[in-house]
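There are 2 protein chains.
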Amino acid sequence: MAFGVETLDQPGVLASVTRVIYEHGANITYVGMTERGGDSVRLYFEVESAADEGALEAAITSLPQVVALQREPSFEKVFGKRVIVLGGGAQVSAVVMGAVNEADRHNIRGERISVDTIPLIGEEHIAEAVRATARLPRVACLVLAGSLMGGDITEAVVEVRRKGILVVSLKMAGSVADVADLVVGDPLQAGVMAVMLVASTAKLDIERIRGRSF
Amino acid sequence: MAFGVETLDQPGVLASVTRVIYEHGANITYVGMTERGGDSVRLYFEVESAADEGALEAAITSLPQVVALQREPSFEKVFGKRVIVLGGGAQVSAVVMGAVNEADRHNIRGERISVDTIPLIGEEHIAEAVRATARLPRVACLVLAGSLMGGDITEAVVEVRRKGILVVSLKMAGSVADVADLVVGDPLQAGVMAVMLVASTAKLDIERIRGRSF
Chain A
1 MAFGVETLDQ PGVLASVTRV IYEHGANITY VGMTERGGDS VRLYFEVESA
51 ADEGALEAAI TSLPQVVALQ REPSFEKVFG KRVIVLGGGA QVSAVVMGAV
101 NEADRHNIRG ERISVDTIPL IGEEHIAEAV RATARLPRVA CLVLAGSLMG
151 GDITEAVVEV RRKGILVVSL KMAGSVADVA DLVVGDPLQA GVMAVMLVAS
201 TAKLDIERIR GRSF
Chain B
1 MAFGVETLDQ PGVLASVTRV IYEHGANITY VGMTERGGDS VRLYFEVESA
51 ADEGALEAAI TSLPQVVALQ REPSFEKVFG KRVIVLGGGA QVSAVVMGAV
101 NEADRHNIRG ERISVDTIPL IGEEHIAEAV RATARLPRVA CLVLAGSLMG
151 GDITEAVVEV RRKGILVVSL KMAGSVADVA DLVVGDPLQA GVMAVMLVAS
201 TAKLDIERIR GRSF
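Sequence lines, in order, name chains A and B. For what it's worth, the working numbering labels the leading residue of the first sequence as 1, then goes sequentially. For what it's worth, the working numbering labels the leading residue of the second sequence as 1, then goes sequentially.
Derived by calculation from the structure, the hints in this document are not laboratory data. Not one of these hints is a red herring.
Straight-line C-alpha distance at most 20 Å; calculated EDC-like pairs for lysine to aspartate or glutamate:
| # | chain 1 | residue 1 | chain 2 | residue 2 |
| --- | --- | --- | --- | --- |
| 1 | B | 171 | B | 186 |
| 2 | B | 163 | A | 39 |
| 3 | B | 163 | A | 9 |
| 4 | B | 77 | A | 124 |
| 5 | B | 163 | A | 6 |
| 6 | B | 77 | B | 48 |
| 7 | A | 171 | A | 181 |
| 8 | A | 77 | B | 152 |
| 9 | A | 77 | B | 124 |
| 10 | B | 81 | A | 128 |
| 11 | B | 163 | B | 207 |
| 12 | B | 163 | A | 72 |
| 13 | B | 77 | A | 152 |
| 14 | A | 163 | B | 39 |
| 15 | B | 163 | B | 152 |
| 16 | A | 81 | B | 128 |
| 17 | A | 77 | B | 123 |
| 18 | A | 163 | A | 152 |
| 19 | A | 81 | A | 48 |
| 20 | A | 163 | B | 6 |
| 21 | A | 77 | B | 128 |
| 22 | B | 171 | B | 152 |
| 23 | B | 77 | A | 128 |
Just a sample of chain B residues kept apart from chain A, beta carbon distances all over 12 Å, derived:
| # | residue |
| --- | --- |
| 24 | 62 |
| 25 | 123 |
| 26 | 175 |
| 27 | 183 |
| 28 | 202 |
| 29 | 204 |
| 30 | 205 |
| 31 | 206 |
| 32 | 207 |
| 33 | 214 |
Each residue gets a CB set at the ideal place from its N, CA and C atoms; glycine is no exception.
Work the whole structure out from these sequences, hints included.
As structure tokens, then:
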């Protein structure tokens, strides 16, 4: 269940709404806040396991700071699983072409796979971004697209793999390729394979190819 | 200020932490939840205007359900402003090449611009995704990359523009191009221009070209 709540811009609004959601037995899985302009704020919630969604809606709407509540489609439904591509501009743009074209083929059959990217330089910045992907919602696979990645980036890859994120690496210098789930030489193919690994409508199974290099 | 909180997986944990943040005078701008496995949960918060960040940290850490708290770099710092590219696979993959290459040139100079995409078909799905971009954090510009977009997609574009998101459209059939901030014929150029419009290190000013077609 996902909904937007327009509220007055007063301190403690989020605490009040969160309290009501808790009292209705629901688990909050995501909260965002947009439009902090003027004297109203727009909160966006995704919650699970509400016993009575209608009662929860009514209880939130009856809070004095709440102006309006509107059901929305969840980010999972709209944007689905995410493949994240990080690295050098030249390689990222080649990987993402393959990934977007492959995601198109699955989304046409009813899936939702999105492909998100950021071109970055420097071991510190890339390692930081790798670690941050584990805090983003809906991330299924990370593609490392560069010519040289090692050191702390390798540590970060080990950490995010432990948190359940698949990691595909281009064939490149440095130790990242040694710790990835899969190594692919051609960037377009790397993008396609990354999407196939997370797509329910594809047959590529990481358990059958883990540790291999193509 | 951004931090992760590892907590026991008990109902009301989020309500408790949110309450403490409120009591310390801070505004929550983002909350995410990851790793709902086993009996621990990882919450991620971004908060503004905490009077005393050390005291807030200590108060959260002292909650009985809290196992650990760790400072993290914010998503704004790591992934920065977002350019979102929606539409057909062929066009999205061409736009994103231009956008990623241009983002690379700005990120090398210290900015953080990320380029996020999803290939989709159908008026209803695309309109839903356009509207959802206004609920995503950090979105600065939306690029509509297709051959035919109109109807409810056009309504959705008008709505998100009103919420402060810049909209670039490819030259295409349908009414979306009529309501965009900017229309660009070449997809690679559309991606480059979209990134230039949001980059602080670029000189392209939407106020000087709004409504034009290139």
